[in-house]
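Chemist: We have chain A already, so just place chain B on it with the hints.
Protein chains in written order, with this note's numbering: chain A, 1 to 253; chain B, 1 to 181.
A portion of the hints provided could be inaccurate.
[Unchecked claim] Computed Cβ-Cβ distance ranges for the label pairs, DEER-style:
no. : chain 1 : residue 1 : chain 2 : residue 2 : range
1   : A       : 62        : B       : 59        : 34 to 44 Å
2   : B       : 28        : A       : 165       : 29 to 39 Å
3   : A       : 48        : B       : 144       : 20 to 30 Å
Honestly, the hints are just simulated from the structure, not real lab data. Idealized CB from N, CA, C, for every residue including glycine.
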Amino acid sequence: MKPLLYFLIILAGGCSDGGIGAKSNDSAGASAGAGTGGSMARFTVAGNTLYLVSSTTLRAYDVKDSRNPIPGQETKLGFGVETIFPYGKNLFIGTQTGMIIYDASREGDPRHLSTYSHIRSCDPVVVQGNLAYVTLRNGTPCGGGINVLEVIDVSDLRAPKILKSFPMQSPHGLGVDGNVLFVCEGDSGLKLFDLTDPINPKLLQHLQDVRSYDVIPSRDLLIVTGKDGIYQYSYADRKTLKLLSTLPVEPPV
Amino acid sequence: MPSLRNSFPVLLLGAWLLLDGCNHNQVDPPTANDTREVYRPIYSSYEAVRTIQTQAPRAIRQAGKIYIKDGFLFVNEIGAGIHIVDNRKPDKPVKLSFISIPGARELAIKDSILYADNAVDLVALNVANPQNVRLMKRIENAYPKSSYPPQRNVRFECPDSGKGLVVGWIKSEDKDVNCWR
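So here's chain A without its partners, still in its complex pose (with noise of 0.2 Å):
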């Protein structure tokens, strides 16, 4: 009965203008809003807005019609631009040469907040509550640098904080959520932190197998992208990470 069922919707969806998640709970469809990136990505979107970054602007498209983006402001960041990660009401952007901050509380109008500055290195950003999270890997394509792991506090935005500073291996994306933070390590595997206190992440599992790139967590489900394969664990218990599945990625043709 249900494939039927998921038949019928797909068909009343193809009709109309919604598709299969505006018809019902059940389907396979989007509810309304935005989903979930990972900390590598150049696109998100905020409420009403997709902003985009490339290496020196950010780029805000109207998208209150989610079928119709309207070109909106485009925004001067300065060189070397990565990342963007929308928290609360602000947009978190990550540099080669550090952090942005702008207030994203006008749609497709942002305003800048403040720039922290550290030294050349690729550096994706996440947040959570008062705190960021941000990786500094050396080498290119990043120039020189260091591998570290930096927390800076963020209460308050137009003055951002550098708290400590712990050494890593090649990190490149991580995630946040509640007690437990993970790191991408490249080459070199994936960790996953304790965060119960949230400004000294404490080693609780390192998977020197598992060359991770960036990491989506969510609801107790931590997806990871990487060289070898899209793997997906539980880390339900905040202790352990559980592998759950993994789709390969296969060589070359």
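Modeler: Then chain B, alone, in the frame of chain A:
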């Protein structure tokens, strides 16, 4: 203190570096025995680039950005498109389809509309039915043309716009190339 006369060639070189779009700061120009990696552009016609298709699921070969929305997982195939995965059972993900989007490296979703870069364009795709993804809007030339590879400190074949649109870069064995960054 260098004299103006001595610094003139340096100034000239500086001006030339600034003006030349191939070259970026902090990287040495090529030498006779340059061992840096060499890349060459992958060209495509505008018509081919602007063709977006829903295809059967295919192998993931170069996984890029990931995105989740409700029970779906979207995986970028770097420069080629997006895999749509039914992930309502994370222990048994099922690949549903592949959306071929030449040049795509980024994605985000609002409602059932997926935004992706399609080489120089931004596209809005309705993914409500993963088996039949439909183009809702194309914003042409939302991005500048790719004039150099994303890698740094490499040499590359200078793009020739007469050959079409540059949709990517691949490693090349050709050592006789004139651009670098």
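Chemist: If a hint holds in the structure, say so; if it doesn't, say that too.
Modeler: Going down the list of hints, with the structure as the test:
1. A:62 - B:59: 34 to 44 Å: Given a distance of about 37 Å, which is inside 34 to 44 Å, the answer is holds.
2. B:28 - A:165: 29 to 39 Å: 31 Å, holds
3. A:48 - B:144: 20 to 30 Å: 26 Å, holds
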